[in-house]
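Colleague: Letter by letter, the chains look like this.
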Amino acid sequence: MTGPSLPPVAAVTLVGALLVAGVYLVAVLDRAMGAAVAGQRDSVRGLLLTPVRRAAALLVTSPSGTERPDAPGWVIAPALLAGLAAVALATVPLGPNLMVADPATGFVLFSAAIAFVMIAVFLHGWSPNAVWPMHGAYRYGAQALSFQIPFLLAMLATALPAESLQISEIVRAQQDLWNVVRQPLGLPLYLVVGVAVSFWGPLNLPDAADLAGGTTAEAAGVTGLVWQLARAAMLVAVAAMGAAGFLGGWWGPWRPGAGWMLAKTLLLLVVLVASRHLFARVRIERFVVVCWAGLIPLALLNIFISAAWLL
Amino acid sequence: MTGWARRLAAVAPPPVFAVAGVDARHAVQDLHLLPGLRLVDAPRQASVLLLAGRLTDQLLDAAVAAHDAMPTPRGVVSWQPDGGGPPRGPFTGAELVGDADPVEVIVALHRSLHLGVRASTPTIQPDVDPAPWRGEGPYGQGGSGMTGGVPYGRPMATREDDRDGLSLDALPVPVGPLFTAFPPGMSARVTFKGDLVHRFELGPSPYDDVRREPDVFLRALTEPVAVAALEVARARALLRWTAWALRVQGLDAQAQRVLALARAATPGDEARVRRVRRWVTHPLVTGRQLRAIGRVDTDALAGLAVGPVGRAAGLIDDLRAEDPAYRELGFTPITGQAGDVAARWQQRLSEAEQALDLATRAGSLRTGGVGAIESPRGRLTADSTPTTRLWSLLPELVTGVEWGDAVATLASLDLDLDELPAPIASRDVA
Numbered sequence: 001m002t003g004p005s006l007p008p009v010a011a012v013t014l015v016g017a018l019l020v021a022g023v024y025l026v027a028v029l030d031r032a033m034g035a036a037v038a039g040q041r042d043s044v045r046g047l048l049l050t051p052v053r054r055a056a057a058l059l060v061t062s063p064s065g066t067e068r069p070d071a072p073g074w075v076i077a078p079a080l081l082a083g084l085a086a087v088a089l090a091t092v093p094l095g096p097n098l099m100v101a102d103p104a105t106g107f108v109l110f111s112a113a114i115a116f117v118m119i120a121v122f123l124h125g126w127s128p129n130a131v132w133p134m135h136g137a138y139r140y141g142a143q144a145l146s147f148q149i150p151f152l153l154a155m156l157a158t159a160l161p162a163e164s165l166q167i168s169e170i171v172r173a174q175q176d177l178w179n180v181v182r183q184p185l186g187l188p189l190y191l192v193v194g195v196a197v198s199f200w201g202p203l204n205l206p207d208a209a210d211l212a213g214g215t216t217a218e219a220a221g222v223t224g225l226v227w228q229l230a231r232a233a234m235l236v237a238v239a240a241m242g243a244a245g246f247l248g249g250w251w252g253p254w255r256p257g258a259g260w261m262l263a264k265t266l267l268l269l270v271v272l273v274a275s276r277h278l279f280a281r282v283r284i285e286r287f288v289v290v291c292w293a294g295l296i297p298l299a300l301l302n303i304f305i306s307a308a309w310l311l
Numbered sequence: 001m002t003g004w005a006r007r008l009a010a011v012a013p014p015p016v017f018a019v020a021g022v023d024a025r026h027a028v029q030d031l032h033l034l035p036g037l038r039l040v041d042a043p044r045q046a047s048v049l050l051l052a053g054r055l056t057d058q059l060l061d062a063a064v065a066a067h068d069a070m071p072t073p074r075g076v077v078s079w080q081p082d083g084g085g086p087p088r089g090p091f092t093g094a095e096l097v098g099d100a101d102p103v104e105v106i107v108a109l110h111r112s113l114h115l116g117v118r119a120s121t122p123t124i125q126p127d128v129d130p131a132p133w134r135g136e137g138p139y140g141q142g143g144s145g146m147t148g149g150v151p152y153g154r155p156m157a158t159r160e161d162d163r164d165g166l167s168l169d170a171l172p173v174p175v176g177p178l179f180t181a182f183p184p185g186m187s188a189r190v191t192f193k194g195d196l197v198h199r200f201e202l203g204p205s206p207y208d209d210v211r212r213e214p215d216v217f218l219r220a221l222t223e224p225v226a227v228a229a230l231e232v233a234r235a236r237a238l239l240r241w242t243a244w245a246l247r248v249q250g251l252d253a254q255a256q257r258v259l260a261l262a263r264a265a266t267p268g269d270e271a272r273v274r275r276v277r278r279w280v281t282h283p284l285v286t287g288r289q290l291r292a293i294g295r296v297d298t299d300a301l302a303g304l305a306v307g308p309v310g311r312a313a314g315l316i317d318d319l320r321a322e323d324p325a326y327r328e329l330g331f332t333p334i335t336g337q338a339g340d341v342a343a344r345w346q347q348r349l350s351e352a353e354q355a356l357d358l359a360t361r362a363g364s365l366r367t368g369g370v371g372a373i374e375s376p377r378g379r380l381t382a383d384s385t386p387t388t389r390l391w392s393l394l395p396e397l398v399t400g401v402e403w404g405d406a407v408a409t410l411a412s413l414d415l416d417l418d419e420l421p422a423p424i425a426s427r428d429v430a
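For the protein sequence lines, the chains are A and B, in the order given. Counting in the numbering used here, the first sequence runs from 1 upward without gaps. Counting in the numbering used here, the second sequence runs from 1 upward without gaps.
Be aware that a few hints might be false.
Label-pair restraints from in silico Cβ distances [stated by the list, open to error]:
id, chain 1, residue 1, chain 2, residue 2, range
1, A, L310, B, P35, 47 to 55 Å
2, A, A21, B, W279, 32 to 40 Å
3, B, R327, A, L145, 57 to 65 Å
4, B, L33, A, G65, 50 to 58 Å
5, A, G39, B, R118, 29 to 37 Å
6, B, D129, A, A293, 44 to 52 Å
7, A, E285, B, P35, 30 to 38 Å
8, A, E285, B, R219, 22 to 30 Å
9, B, D61, A, A21, 27 to 35 Å
10, B, L115, A, A293, 50 to 58 Å
11, B, P283, A, F304, 26 to 34 Å
Negatives, chain B to chain A, calculated, CB over 10 Å [stated by the list, open to error]:
id, residue
12, Q58
13, T121
14, P183
15, L246
16, E270
17, E328
18, P395
Quick caveat, the hints were computed from the structure, so don't treat them as lab data. Ideal Cβ placement from N, Cα and C applies to all residues, glycine included.
Produce the complete structure using the sequences and hints provided.
Modeller: What follows is the structure in structure tokens.
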């Protein structure tokens, strides 16, 4: 069964507009939080305009030229990541009657988009034919293989009360009780793994400073810009799904539902973006161990608790 | 569209890749506090190459490579914060700042480059392979089978036995001297096996023929200085290290806050430093990430007198404990136990706090002039420095560990390559 969906042109326009607005918001939030933590004052004008100016600077900078790169792969990787972010966001319903795509297998589609992020990051590290990007690519391989299972399990628990893999049904099932209460472990697990999916802040291991920027060490110009935008877009998609899956989506005391959905997405976006300025980079070995020995058992426990609630 | 984008790009904060001479490292670090600039970790992300201070031939060669890796439009600025001569070699045409504030010149250069007023600097090195294809071996690349060799002068991964008997690809990679996650100036030939450091061979220091101006600790070797001045300098040095190490750990904003404190710390700021220590070393911020890595054996440190590194491992080794001036202040060395990277962070911030407390109470007490002083890195004498004594421990310390841990470990040792004597500094171990 498929829920009500927008016409194709309207759907593409809406997803594009949401991604552009979301990416801009990530850039502004990141700058504002960085200034707050650093104890520096930034003017509102600087806060709002600097991200656009930096994007323009990348836009007019020449692309990188490494020795014998995989040129098609270098172009495809950022586009693939952006496309995956768009697909992931498209599965998230904004309101009871405002859905871009609401297939009966929305959960599977979202999870597939997340799984393919590993391909995009690996391709981005492989293509420049250089040491640090390649190193970053392998790191993300280890990172992604570790977070996939806890991510799926944390998400899967949200499907149990709804008895459906359709995202709109998962939201509808939270009319009386949000999953963040019903499954107290779910949202923290989802956020930790969501930061890893978006390789952001403490889990930005593939593009880390100890690899001189990792997969982005050789990136410049438009492809470098698209990569940064796509990573921020993935963060937006993860926040939006978190709002739908755990914070009751469009449900709220007043209408419109889409307003509640956007507000909850913004709340999670603030939490995700803030992590970059608050927590040091996590060691890859520790992350792998925590995922396999800690997060998977916790995610299973979360599913058991959720199932027991339904009995 | 392009004109509109260029006008916007012209007013963006210039991304700057800095090459710092030994006398300009602090000045370059301070640029992180300026909102009008953005210091980047890789030349690919920069539009302006900043040459700061006196550059040795080795640093100049690295600067040329960094310049040619920069995308266009690009430009070069030469800055001499402590005076010094004009830019050398291929950079004689660079924008010259002298000892003035470089920000205005950098911003103006970035703007004129993007508006097309100035031309981008041309590539310096010829775009040719550093060595010919060797033409040896079954596949011609000079290695064995399909691996190894140095075709076109670039080492390929080769197969080597690992410690557990597995045969894995080993990839030798030259790192530094402009690698921002290394102590400034450090270079090494690192052989990777996956994410593990299989072999670590230290390279020469780029500071072999220049020395910075004597600071208060160097002066204290030969003449009495005020304890208060010495301890304030100690606190500032320890906080400055913390700011740099925070940046290596990816916490740029926190690094800016600590750097601002490092520049302005005065007696009476103990509470501020205490708050920084509690926040920075909190398990959720850095503590848990840095625990149980980079542990140095206490036996290996015994007698080295390497200051916070030794004291973080439980060694009570501090010249101040035997100094009458410090005894009058009731000084007792702070010591840790774990001896790992987290313990060194905790140790330095605790000592920074203690130093400001000592400075507050020191009054007119003086010390020094006896040929040895406890510097922020450990015991300093005319012919022996803490970095020199730690140097031989480094390869073993980072071999067999993951790259991220190796970087965190090297950062935690607070190495100053300017302290290396010429014989070590000019030795190419690789």
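Colleague: Determine for every hint whether it applies to the structure shown.
Modeller: These are the hints, each one checked on the structure:
For L310 (chain A) and P35 (chain B), the hinted distance range of 47 to 55 Å is satisfied, since their beta carbons lie about 53 Å from each other. For A21 (chain A) paired with W279 (chain B), a C-beta distance near 33 Å keeps the hint of 32 to 40 Å intact. Under the hint 57 to 65 Å, the C-beta atoms of R327 (chain B) and L145 (chain A), about 58 Å apart, fit the expected range. Taking 50 to 58 Å as the suggested C-beta distance range, the pair L33 (chain B) and G65 (chain A) does not conform, at roughly 34 Å.
Range check, G39 (chain A) to R118 (chain B): Cβ separation about 35 Å, and the 29 to 37 Å hint holds. Between D129 (chain B) and A293 (chain A) the beta carbon distance is about 47 Å. The supplied range of 44 to 52 Å therefore holds. The hinted range of 30 to 38 Å is satisfied by E285 (chain A) and P35 (chain B), whose Cβ atoms lie roughly 36 Å apart. A hinted range of 22 to 30 Å is violated for the C-beta pair E285 (chain A) and R219 (chain B), which are about 45 Å apart.
Between D61 (chain B) and A21 (chain A) the CB atoms are about 47 Å apart, so this pair departs from the stated range of 27 to 35 Å. Between L115 (chain B) and A293 (chain A) the C-beta distance comes to about 56 Å, which sits within the given range of 50 to 58 Å. Remark: the range hint 26 to 34 Å for P283 (chain B) to F304 (chain A) is upheld by a beta-carbon distance near 29 Å. Once the 10 Å rule is applied to beta carbons, Q58 (chain B) is consistent with being away from chain A; the minimum gap is 19 Å.
Listed as outside the interface, T121 (chain B) is consistent with that label: its C-beta sits roughly 13 Å from the nearest C-beta of chain A, beyond the 10 Å cut-off. Under the 10 Å C-beta cut-off, the non-interface status given to P183 (chain B) relative to chain A holds; the minimum distance is some 13 Å. Taking the minimum C-beta to C-beta distance to chain A, about 8 Å, the non-interface status of L246 (chain B) is violated against the 10 Å cut. The Cβ of E270 (chain B) lies farther than 10 Å from every Cβ of chain A, with a closest approach of about 18 Å, so its non-interface assignment holds.
With a minimum CB-CB distance of about 36 Å to chain A, E328 (chain B) clears the 10 Å threshold, and the non-interface call stands. Listed as outside the interface, P395 (chain B) is consistent with that label: its C-beta sits roughly 18 Å from the nearest C-beta of chain A, beyond the 10 Å cut-off.
When the structure is compared with the earlier hints, violations turn up for hints 4, 8, 9, 15 and for no others.
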